Amino acid sequence: MTADRAADPGVLLTRPAGQSEALAETLRNLGYAPFIDPLLNIIPISKQLDSSGIQALLFTSANAVGPFCAANAERDLPVFAVGAASAAALRKAGFREIHTGDSDADAVTRDIIRLCDPQNGAVLHVSGETIRGNPAGILDEGGFDYRREIVYRADAATEISPKTVAAIKDDKITAILFFSPRTGETFANLIGMAGLTEKCGGMMALCLSPAVAGSVRNLPWRTVIAAKSPQTDAMIAALKDAIPVSRGS
Amino acid sequence: MTPETGIQLRIATRGSPLALAQAHETADRLRAAHTALADDAAIAFQTYRTTGDRLQTGTLAEAGGKGLFTKEIEQALLDTDADIAVHSMKDMPTELPAGLMIAAYLPRADFRDALIGGAQSLEDLPMGARVGTASLRRQAILKSLRPDLIIETLRGNVNTRLKRVAEGDFDATLLAAAGLTRLGMLNEASAILSPDEMLPAICQGIIGIECREDDQTTREFLAAIDDRESRIAATAERAFLAALDGSCRTPIAGLARIEDENISLRGLIIRPDGSETLAAENAAPITEAAALGTALGGQLRDRAGPGFFDDG
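Taken in sequence, the protein lines are chains A and B.
In terms of our numbering, the first sequence opens at residue 1 and continues consecutively.
In terms of our numbering, the second sequence opens at residue 250 and continues consecutively.
In short, the hints are calculated from the structure, not lab data.
Check each hint, because a few of them may be wrong.
Here are some chain B residues the structure puts well away from chain A; computed CB gaps all over 12 Å [claimed, not checked]:
hint, residue
1, I256
2, L267
3, L269
4, L286
5, L345
6, S393
7, T409
8, L411
9, S439
10, A472
11, I481
Here are a few chain B residues that face chain A, going by a calculated C-beta distance under 8 Å [stated by the list, open to error]:
hint, residue
12, E478
13, N531
14, P534
Computed from a prediction, not measured in an experiment: that's the story for all the values here.
Glycine residues also receive a C-beta, built at the ideal position from the N, C-alpha and C atoms.
Construct the entire structure; sequences and hints are all you get.
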């Protein structure tokens, strides 16, 4: 956990380990004091992956890209993925044909039906243990053979870190940023276990989307805000709107 | 050609400082490549005021699209009142008038967008900042990334837009880095945006030189200054745009990159209100640049379905 000047509004970042550092730097430059406490830990699952008979890959999380690439050398298949972060990870991994959309997994799955022919092979969904949406149902309805390989699991933290607990108790956290429903659900469980649920009344939950907001809505927050679009920049804008800071003050 | 006056080549151009800078860069390259054109008097500049130049308000889409900046100039070529026309390829319709061709491309300049107004990044813009731009692509991407921003139409040449920001009418605007560079004004930019954040317009930074297909003398002049990489990139990007039936009315972005003998192309379409982005990328040998663009554009068109570009 890191934090800056005591006077700066504290913002807790809860994304998986290694995924908050760049955002923390941005927030620090904008005059916030970022705290990092990963509530999920991405654990790759080592396995052999057979891509024979596969015509396209589906990634519904950027977290699946690394483990897949470690297990399989296939880079020539077309890839369908959700979001610009996945596209960047896939590009870096060496994939060439990448189709992305920024709405949700179901929308990207429907793109497979629009562009691919079921006769050309199965679709391999490379994912974590938990998925949102219904790719299997959509592809089945489209006449596609759907296969799924789980290449990572996202282990929920078993406790909020002692430093975060101390910061919450000392009212140093003004806002908590949530980027996924799973993270929100994990926080909701752990804050109760820590006996700090009532402390939410002094904090704001800032969420990537209404679906993420739904995962923390049962806590007694001062405010719950969903970004106007599922983009990190929109999250930052919402934070700046809700908690303005003036640098150099 | 009018040998009696010593003029070997007549360049038709718009009269804006940027258009003139592009025309002079073209002339300099031609003079360097051909002794017949080396004399200052060998190349004449003819300026035209296009319909697009006369419009200072509203988006280009409202006024009728890309051909607004080229119609009068292309007519001068067809009427043999001029020999070549120098264009920013991002302003060019995907189909040229019958009898005209792009005979040369200059080396691509910086393809990125520059942020004007003092902010160091898009996320650095204040909440609810007023951003002026007439580009539907920039408007839609900004709405997607920063839904809080107030986006308003800002038209006019580079100096006009810089002045409006300096006078406080807008907090920021976006301009092509290539244009600022050509005018020696890149220092006006407070940040240069990565294509990962703001994918550029089709052919941004590429200058194309148009002439009559049957004018062999001029085509030979132009062949000597044709840049192969720019031509390949423009071929892929314009095929992509054509497959999408793209125009100024549609927020479309795309960028081709060439590495060795391969070309990669990234493209996206975005709803005008920024609510949904569809992106695609692929790579191919450079000999298949047009097919790559056509395929990628067709795939995005199929994914989008009808009505994608309708205003929400």
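Structure-based check of each hint:
1. Look at B/I256: its CB is around 49 Å from the nearest CB on chain A, clear of 12 Å, so calling it non-interface holds up.
2. Non-interface status of B/L267 relative to chain A is upheld: no Cβ of that chain comes within 12 Å, the nearest being about 29 Å off.
3. Non-interface call for B/L269 relative to chain A: holds, since the shortest CB-CB distance, roughly 37 Å, exceeds 12 Å.
4. Against the 12 Å criterion, B/L286 stays outside the reach of chain A, whose nearest CB is about 42 Å from its own CB.
5. No Cβ of chain A approaches the Cβ of B/L345 within 12 Å, the least distance being about 30 Å, so the stated non-interface status holds.
6. With a least CB separation of 6 Å from chain A, B/S393 falls inside the 12 Å interface cut-off, contrary to its annotation.
7. For B/T409, the condition that its CB be more than 12 Å from all CB atoms of chain A holds, with the nearest at approximately 28 Å.
8. Every CB of chain A lies more than 12 Å from the CB of B/L411, the least distance being 24 Å, so the non-interface label holds.
9. The claim that B/S439 is not at the interface with chain A holds, since no C-beta of that chain comes within 12 Å of its own (minimum 14 Å).
10. The beta carbon of B/A472 sits about 32 Å from the closest Cβ of chain A, which is more than 12 Å, so the claim that it is off the interface holds.
11. With a least beta-carbon separation of about 17 Å from chain A, B/I481 lies farther than 12 Å from that chain, consistent with its non-interface assignment.
12. The interface hint given for B/E478 is violated, since its Cβ lies 19 Å from the closest Cβ of chain A, which is over the 8 Å cut-off.
13. Hint status for B/N531 relative to chain A: holds, with the closest Cβ pair at about 4 Å, below 8 Å.
14. Interface restraint check: B/P534 against chain A, minimum CB-CB distance 12 Å, threshold 8 Å, status violated.
Going down the numbered hints, you'll see the structure goes against 6, 12 and 14, while the others check out.
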